[in-house]
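If you read the sequences in order, they're chains A and B. Letter by letter, the first sequence follows residues 1 to 992 in full-length UniProt numbering. Letter by letter, the second sequence follows residues 1 to 279 in full-length UniProt numbering.
Zero decoy hints are in this set.
Using 30 Å as the maximum straight-line C-alpha spacing, the simulated BS3-like pairs for lysine-lysine come out as follows:
#, chain 1, residue 1, chain 2, residue 2
1, B, Lys34, A, Lys742
2, A, Lys848, B, Lys71
3, B, Lys115, A, Lys848
4, A, Lys953, B, Lys266
5, A, Lys881, B, Lys71
Partial chain A-side listing against chain B, Cβ under 8 Å, derived:
#, residue
6, Gln825
7, Met828
8, Asn845
9, Asn865
10, Gly872
11, Gln874
12, Trp875
13, Ile882
14, Leu883
15, Glu989
These stretches of chain B come out as covered by chain A in the derived footprint (C-beta under 8 Å, 3 or more residues):
#, stretch
16, 39-51
17, 54-67
18, 88-100
19, 172-180
20, 217-225
21, 258-271
Hints listed in this document are in silico derivations from the structure and should not be mistaken for laboratory results. Ideal Cβ placement from N, Cα and C applies to all residues, glycine included.
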Amino acid sequence: MEFGKTRGRVTPQELNPSSGPKPKRVPKMVGRRKKEKVKRKKNKANIEELKKEVVMDDHKLTLEELSRRYSVDLTKGLRPEKAQEILDRDGPNTLTPPPTTPEWVKFCKQLFGGFSILLWTGAILCFVAYGIQTYFNEEPTKDNLYLGIVLAVVVFITGCFSYYQEAKSSKIMESFKSMVPQQALVIRGGEKMQINVQNVVVGDLVEVKGGDRIPADIRLISAQGCKVDNSSLTGESEPQSRFPHFTHENLLETRNICFFSTNCVEGTARGIVIATGDSTVMGRIASLTSGLAVGQTPIATEIKHFIHIITMVCLTLTAKRMAKKNCLVKNLEAVETLGSTSIICSDKTGTLTQNRMTVAHLWFDKTTYEADTSEEQTVNTFAKDSDTWFILARIAGLCNRADFKPDQETLPIAKRATTGDASESALLKFIEQSYSSVKEMREKSPKVAEIPFNSTNKYQISIHLREDSSQTHVLLMKGAPERILAFCSSYLLNGQEYSMDEEMKEAFQNAYLELGGLGERVLGFCFLNLPNTFSKGFKFNTDEVNFPMENFCFVGLISMIDPPRPAVPEAVCKCRSAGIKVIMVTGDHPITAKAIAKGVGIISEGTETAEDTTAQLKVHVRQIDSRDVKAIVVHGSDLKDMSSAQLDEILRNYTEIVFARTSPQQKLIIVEGCQRQGNVVAATGDGVNDSPALKKADIGIAMGITGSDVSKQAADMILLDDNFASIVTGVEEGRLIFDNLKKSIAYTLTSNIPEITPFLLFIILGIPLPLGTITILCIDLGTDMVPAISLAYESAESDIMKRAPRDPKNDKLVNYRLIGMAYGQIGMIQALAGFFTYFVILAENGFKPADLLGIRHDWENSYVNDLEDSYGQQWTFEQRKILEFTCQTGFFVSIVIVQWADLIICKTRRNSVFQQGMKNKILIFGILEETFLAAFLCYTPGMDMALRMYPLKIFWWLCAIPYSILIFIYDEVRKFAIRNHPGGWLERETYY
Amino acid sequence: MTKKEKKSFNQCMAEWKLFLYNPTTREFLGRTTKSWGLILLFYLVFYGFLAALFSFTMWAMLQTLNDEVPKYRDQIPSPGLMVFPKPVTALDYSFRVSDPESYRGYVDDLTKFLKSYDLEEQKNLTACPDGALREQKGPTYTACQFPVVSLKGCSGVEDPEFGYSTGNPCILVKMNRIIGLKPQGKPRINCISKGEKTATLSTYPSNGTIDLKYFPYYGKKLHVRYLQPLVAVQVAFNTTSTGKEVTVECKIDGSPNLRNQDDRDKFLGRVVFKITMHA
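Extracted from the complex, chain A is given alone in its bound form (with noise of 0.2 Å):
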């Protein structure tokens, strides 16, 4: 219930008694102490009253006492069966949902809502009619009953319809929320657990760290620099430290509760569970919550009520689609916001990059070799016959403290989890991948000695005995490559040693400043073989060095780096073409940030900084005219001293920008800094620090593995697989949406005009009517529905993410563009076809068209009994009605044919549909169910006196098939037309 975005949250006024909800009915009362709590009357919540009746005395009691209460363990925690037992007793920790609509009553608004009450009240005309007919008349007709029966009918069956997607949209997007469990650390029985929140019962020892939501009521029992933000329980912002010592009598203002679902937003803390579910504080005032008013959507005030239906659909279709591909949407809203998007700012570590250190580049022999830092790491580039390699890897698996935990033997090397830090768990996979097995090599040489990495030392050594000859040592170190080289006199090449020269030096000098400017870290390695003197059994002292540390001999450089993910430079080059700018936030180093941002394409090949500029050109930075320069990299303390007016500047001025050394607070600087230009902006964001900035930009990104549960709240989206890729996949699922709609939209509406006119053309020109009610009906809740809901799986056009995203401001989902199209053009020629169709079932019955002309009055007259037609034959009234609703069935049929060819059309907004293709199943499956329903109401025996459409010969089918393929080629050509004469007047007045 807490999903939802920051309207969900209670803020004091909504805790007003005057303006509270009743509180929900007391919730199932089990164990003993639940009872003496919950003791409130039902009148209005009160959050004076909660105070004054919460009866919890948890946060006055001594360790002691709390751990005697709840039977205990303060260190252990609970037995996993006593957890077990008090779960099964108290039920999950969840609140109880909040009452929502009943289904019935969901149901009945669809049955009963909008468009729907028209056509009931038209049913019960009918039968009212019918009624009346048969108590005056003997021999009714039964017309009126028919009519009656089947209006509804088919409101029953649209307002099912409509009912099924609702529940079937809404139930799919409660599963997004179950997606992204909440877990909470527990610690039974002396271990640690990542369990589900439901699972925590009162008395569970958890521990809870900054980004955490808090699993349960808490008494804390330590804490460490523990912040909790309460403002969704009690509106203050401002985070408040916890605890473990009593400050207050009020359970509320005490310093050592912890509430349910409020954030922990740094430190950590321990603290037993004093109450879950419905009774925690948060519970019991659950009903205030749980009134979450969902506003309407602006896309869904956009749109009329009968496209309503298609707009769920489509939007429910592609949330789960995005689903499918890592992006979790918790508002169908962001779906088309996302489209629409035209700034990405993005994190580095882990969105950009793989969050995991790999070896990039080898120097060895005075030649630097690259390592496959891809995913898969299956090729490998660098000569790995030479003696250099196999010591340089020794060294490299061998001094090396990083371990991978046990049983793992069936993943990839890649995947395998490690213990010990980023840097040497990298080399330790690189060996281990390259080289050969580590665990054998360690054994063949066993650690005698180490002197682990520090700061100061900036190195690290390990004495090993040797492989080849067991009775001598060896000494290998690794560290910062300056520090090695300086122990080192003599070098190797291709496995000879020689001694240290100037040209070496330098080699290294260059290597080094080379890695390093790739952004990556980067060792040195070197090796002593130790002299006899240090045989088996020699105690080496690392505290007072008893072996000596001079002399080494140089072997080479290994450089690393938290390489982009593989499909990332693919995506901002997407980005690029489609007009999105993305904008990389870290808070790196600036020079691993621009390497980074070098590597994945922010800043694109060939483009410097200013920087860059003035190192090559050898002149300052001032002088180097900004204008030339597309590319900047804004350090954080820079940012700092900018006024909104300079970093507008810099948005403006600047393509391709990075933001490095930044503070999650300067995020927000910049998300508004874009939004004040008018950018539609996406953000992403892990830490609680960045949920100010996501829920500032129009669709916060969350990550679900590394992110918080505060930062996705805050979110409008969660990214599942942490990977920008993934953003941009639903950028694109975004504006495919928004395509979709439009073109199922300019479907709809085009009908709309075979269907006003024929009543305009009876009124003006005194013809028989040419389409009745009752087939308007049919064509717009029967043949219509499937294709137009068939539009929204068509896949995207070739240009999806070639052009610039959409102004939100002035491209509306429905312009006049599409207005003329629909209406102006597509629905004239159809029109057209219903007319003729018309005119030509009338003309081959015996009423030429110029005989129609002002007939109306004469026709419509039932004691008129003798109308003669063109070529002298008399009618009755009913004869001449059955050849009027004849020609209503004919017109009916040709909006279907010519449908068939606005389907296609409708298909692409700027492709040939020769391009495009027919693949869209659904589609086709569209026209065949519409021709099939036509044909059904055309020819089933019975359909005469129910819906009053009557058989038709063949021959009249055909009719409307040339303006079908008018309809066709009119609009090939026309995007032919757009497509070669971009931004022409043809576009500019008809592309929708």
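We have chain A already, so just place chain B on it with the hints.
Showing chain B alone in chain A's frame:
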């Protein structure tokens, strides 16, 4: 997204004015003169083309039609019945014997209708043999005479008031023309008064017979002076009965291929009318 700010009324008006005519861009209703010209030209050409195409398809369709016989006649397999005088709103004849004005309309209508049945008019028509269908091969088609005297007192020859002035009003019943219709058997119009027997009905020609020689009909163009056979019903109210009101139902009888019963079509092979006569 930021909330939409509420605009003041004046702002609204100013925006509207700017939309109507924007002097800086010289836009009228959001478009410049050139833009309006282009879009109007586009639609002019577009609709011109559509109109031409529609006219062409209509013309092509009309070319396929036969001038003499419609392509399909299955919509009217069986004829309807119609009465004269022509009813205005409902089949309800009401008049006052003592007031000639009250039935003048009916009399005029009958006179006018029977004009084409004048002896003078029928001079050039063929006197056809009774009792058999008269199929013709063309190229010229002749129409049969209808001896209007067979309608006896309702022919208007002897009584130009068609019995209305004497309290015995005449109603003519005719069968709708249908091209190529060939009645089987011996068709006749059978009229009965429904409900209380308040009046006796006489039909002329006797028995209400419709002679087969008037069939088949060959259409307006070929069968130029064709005359439909008529049957007259004359109502004579019983002097004893108090109410001078009768509901008459006439049906085609004696011909298996002429239907006289249809739930929906109350005029298919039958007709019901009511005569109310005031003193």
